[in-house]
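Read top to bottom, the protein sequences are chains A and B.
For our numbering, add 501 to where a residue sits in the first sequence, where the first one is 1.
Take the second sequence: its position 81, counted from the start at 1, is 68 in our numbering, and no numbers get skipped.
Rather than coming from a laboratory, the hints here were simulated on the basis of the structure.
One thing to keep in mind: the hints can contain errors.
Computed, partial: chain A to chain B, Cβ under 8 Å [unchecked claim]:
| hint | residue |
| --- | --- |
| 1 | Y533 |
| 2 | L552 |
| 3 | K603 |
Within a straight-line C-alpha distance of at most 35 Å, the following computed DSBU-like cross-link-like pairs (lysine-lysine) qualify [claimed, not checked]:
| hint | chain 1 | residue 1 | chain 2 | residue 2 |
| --- | --- | --- | --- | --- |
| 4 | A | K570 | B | K31 |
| 5 | A | K596 | B | K2 |
| 6 | B | K49 | A | K550 |
| 7 | A | K559 | B | K31 |
Predicted model, so just to flag it, every value in this text is computed and none were measured.
We put the CB at the ideal spot given by N, CA and C, even for glycine.
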Amino acid sequence: AQSVTQLDSQVPVFEEAPVELRCNYSSSVSVYLFWYVQYPNQGLQLLLKYLSGSTLVKGINGFEAEFNKSQTSFHLRKPSVHISDTAEYFCAVRKGSGNTGKLIFGQGTTLQVKP
Amino acid sequence: EAGVAQSPRYKIIEKRQSVAFWCNPISGHATLYWYQQILGQGPKLLIQFQNNGVVDDSQLPKDRFSAERLKGVDSTLKIQPAKLEDSAVYLCASSFIVRRQQNTGELFFGEGSRLTVL
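Using the sequences and the hints, build the whole thing.
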């Protein structure tokens, strides 16, 4: 069964520093992986997704993630964070295929960017 | 293009009362999802519709929760009677219907309905 583990519940970082948010998944089949961001009192917004092809995926707001099949990881990175990146970040794996597919989410990582 | 619409944004009720949440997905999206997000946790799928049929409701507490999507467009999620542990944000999401190899898997979320049960 597919599942997702986000290894850090909170990540504090100073503005303009690099950041990595860790995500590991378990799946016995081909995976589709996603990172979503949730700002306070808002819904989830897609940052990036891995479906196939290049293992380095670039998303919005300068974020990128690398799919590592051997380590079953999909860590999210940004070389230089901004105060506005403070939010909750969710890693997700797609379970099922076609029109019956659904997303299974991790517990979330709170990114706190300090001035 | 309009996004996923949800209402109400906030609702406060006493335990044992009932509440209903409404969702209108993005036009043309055949698949609709209701997720429950408890504070400090990731979203958990409650129910998934394909048009007006239920695809997956295995995580829906059917003794108190119900959902419908009668015409295959908008949907209503109801809780009756509510318990304290139902306090959460209820997120509605929708996605494209899959044709051939076009399958992004992406879900588009509404802003959520925050429920507080006292």
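To see whether the hints hold, each was checked on the structure:
With 8 Å as the threshold, the beta carbon of Y533/A comes within range of chain B, its nearest partner Cβ sitting at about 5 Å, so the hint holds. Look at L552/A: its Cβ gets to within about 7 Å of chain B, closer than 8 Å, so that hint holds up. A cut of 8 Å between beta carbons decides the hint on K603/A: the least distance to chain B is about 6 Å, and the hint holds. Among the hinted pairs, K570/A with K31/B is consistent with the structure: their alpha-carbon atoms are about 25 Å apart, no more than 35 Å.
This hinted pair checks out: K596/A and K2/B have alpha carbons roughly 34 Å apart, not beyond 35 Å. For the given pair, K49/B sits about 33 Å from K550/A by alpha-carbon distance, which is consistent with the 35 Å threshold. Restraint check for K559/A and K31/B: the C-alpha separation of about 26 Å stays at or below 35 Å, so the hint holds.
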